[in-house]
Amino acid sequence: MNARFIPYLLIAPSLGFLTVLFFVPLVQTIALAFQADGIWSAANFARMAGDLDFTDAVVNTFEIVIIVVPLQLLLALAMAMMLQHVRGGRDIVLWIWSIPLGISDLAAGLVWLAILTDKGYLNTILLHLGVLSGPRSWLSYETPVTLLSAIVVAELWRATAIVLVILVAGVQLIPKEYGEAADVFGATPWQRFTRVTLPLLKPSIQTALILRTVLAFEMFAIVLSIGGRNFPVLVSEAFNWQYNQQDFGVAAAYAVIVMGVSLAATLIYLWALRTPAAQR
Amino acid sequence: MTLRRAVFITGIVVLCAWTLVPIYLIALGAVGGRTVVNSWPKLFLPPADLSLATIRDFLDIAGVWSSALYSVEAAVLCMAFSILLGVPAGYALARFAFTGATAYRLLVLLTRAFPVAILALPLTVGFIRLGLYDTPLGVSLMHTALALPFAVLVSASLFQAIPRELEEAAWVFGCSPVGGFLRVVLPLALPGIAATAIFAFVISWNEVFAASVLTVRHKTLTAYLLSVLSESPPHVQFAGGFVLIIPSVLFIFLVRKRLFSMWGIANR
Numbered sequence: 000m001n002a003r004f005i006p007y008l009l010i011a012p013s014l015g016f017l018t019v020l021f022f023v024p025l026v027q028t029i030a031l032a033f034q035a036d037g038i039w040s041a042a043n044f045a046r047m048a049g050d051l052d053f054t055d056a057v058v059n060t061f062e063i064v065i066i067v068v069p070l071q072l073l074l075a076l077a078m079a080m081m082l083q084h085v086r087g088g089r090d091i092v093l094w095i096w097s098i099p100l101g102i103s104d105l106a107a108g109l110v111w112l113a114i115l116t117d118k119g120y121l122n123t124i125l126l127h128l129g130v131l132s133g134p135r136s137w138l139s140y141e142t143p144v145t146l147l148s149a150i151v152v153a154e155l156w157r158a159t160a161i162v163l164v165i166l167v168a169g170v171q172l173i174p175k176e177y178g179e180a181a182d183v184f185g186a187t188p189w190q191r192f193t194r195v196t197l198p199l200l201k202p203s204i205q206t207a208l209i210l211r212t213v214l215a216f217e218m219f220a221i222v223l224s225i226g227g228r229n230f231p232v233l234v235s236e237a238f239n240w241q242y243n244q245q246d247f248g249v250a251a252a253y254a255v256i257v258m259g260v261s262l263a264a265t266l267i268y269l270w271a272l273r274t275p276a277a278q279r
Numbered sequence: 000m001t002l003r004r005a006v007f008i009t010g011i012v013v014l015c016a017w018t019l020v021p022i023y024l025i026a027l028g029a030v031g032g033r034t035v036v037n038s039w040p041k042l043f044l045p046p047a048d049l050s051l052a053t054i055r056d057f058l059d060i061a062g063v064w065s066s067a068l069y070s071v072e073a074a075v076l077c078m079a080f081s082i083l084l085g086v087p088a089g090y091a092l093a094r095f096a097f098t099g100a101t102a103y104r105l106l107v108l109l110t111r112a113f114p115v116a117i118l119a120l121p122l123t124v125g126f127i128r129l130g131l132y133d134t135p136l137g138v139s140l141m142h143t144a145l146a147l148p149f150a151v152l153v154s155a156s157l158f159q160a161i162p163r164e165l166e167e168a169a170w171v172f173g174c175s176p177v178g179g180f181l182r183v184v185l186p187l188a189l190p191g192i193a194a195t196a197i198f199a200f201v202i203s204w205n206e207v208f209a210a211s212v213l214t215v216r217h218k219t220l221t222a223y224l225l226s227v228l229s230e231s232p233p234h235v236q237f238a239g240g241f242v243l244i245i246p247s248v249l250f251i252f253l254v255r256k257r258l259f260s261m262w263g264i265a266n267r
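Going down the list, the sequences are from chains A and B.
Read in order, the letters of the first sequence correspond to residues 0 to 279 in numbering that gives the first Met the number 0.
Read in order, the letters of the second sequence correspond to residues 0 to 267 in numbering that gives the first Met the number 0.
It is worth saying that the hints were derived from the structure and are not from the lab.
One or more of the hints may lead you astray.
[Unchecked claim] Selected chain A positions facing chain B (in silico; Cβ < 7 Å):
{"hint": "1", "residue": "Phe16"}
{"hint": "2", "residue": "Ile29"}
{"hint": "3", "residue": "Trp94"}
{"hint": "4", "residue": "Gly101"}
{"hint": "5", "residue": "Leu105"}
{"hint": "6", "residue": "Ala106"}
Note that beta-carbon positions come from the ideal geometry of N, C-alpha and C, so glycine has one too.
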């Protein structure tokens, strides 16, 4: 057998698989969204935009992404920097901090539901502090601010770990000499962080932001478990139209919107955080 | 110890507690059963009468366990598919310079910009036709689309880290290319491949959207919990949530040594 064909033989199975389960559904989703009764039309998008929950879903989704992603980046950066100064037990601290990486958004939602529900642990603490006198609901339709905060907290708890792991992996790649050189030239720790560590960490930050933002646009189980139908987001609406209304066209229209914003966010990050060729 | 150091250590401890305490609290809800979940105000310690009876109640929550079995089935299949398809592709990327290698790598990276699980929506029709709808096998195929890109990139980096000379030495001593791979390269890459497999398992075990869309009666644990969110009593939900978390915590422990090299390299 000609040796030139070996690599193609090796990648063929995975390529075929991704074609069938990634590209074909991708094209099908777009076709489904832009077709109604067999003809090309924007009817599904019109129905989607005409739905009462549509505006809420768009606003809620962007609200969560815009609040959560920057907070996660800051928290993960702080944690990664703290880790550099941990002397004993670094491994165990790292393990504990990365546990949420393996926790699904549904489980995370249920965890925070247990804490924040009417008769939950938060209200018990508030009772002991004398703030509350009895059970109180934070997650209902009438308390949109606390509902949003609850979802933000749950997302911070669950998904900061993935940012942390990517950043720690990036920090490990930075040669120690760079920081030492900064010290020799009299840089303060803050200058060393902003002028040496951050610029060198840029590729990792970019990856973390892309991954995190795409996943945040996909979020839905955490929202459904904490807020039920009180807090519609794009993917929970897609799920609702597919599962409860059995209207696959509108569900696909939502999927196309999610794809569009994910792709746009990725492109923005690729452009905004690009590394100039001279620095590579 | 200086004040600075004390503040620093407090910060570390607080962040550890921030991760661990919520897991502890849902565990209380899970093993405490109906009584603990409905009690008010809540106690922060396990109930004194935490007996075999309450634990048996927990283990008896039928829907949780049968669906957990479907989850395990789908996750094991996803793990096997990701490795079988991903490792050869990773080897090709690491060892051969071939036309289209860059395009292939880009294509794999491209999947990351898409909400892959959401693409399960149009798959329902095809899956019904093929008899894959409502089976763990069908769910595992969709989940493999999520885990495969990761498996390809990580195994490529694993093989890159193994010197080509070792393989060539095996050939000199009479090994065939396949024999050299199996006897020399594979043993060295095995721990990394195992970690990748565990990751594929966790990805499948945790996935909610595709699993919910592709199943009706044979629901995986996540799909089952999502479908009963509004109707089942809280203690069942918390028990389900806790069962969801246990394997994740264990698996992260198993791969903790490789977590960072895996993510660091997979994202280059």
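Verification of the supplied hints:
1. Phe16: holds (6 Å)
2. Ile29: Since the shortest Cβ distance to chain B is 9 Å, the answer is violated.
3. Trp94: For Trp94 of chain A, the interface hint holds, since the closest Cβ of chain B sits about 5 Å away, which is under 7 Å.
4. Gly101: holds (3 Å)
5. Leu105: For Leu105 of chain A, the interface hint holds, since the closest Cβ of chain B sits about 5 Å away, which is under 7 Å.
6. Ala106: For Ala106 of chain A, the interface hint holds, since the closest Cβ of chain B sits about 4 Å away, which is under 7 Å.
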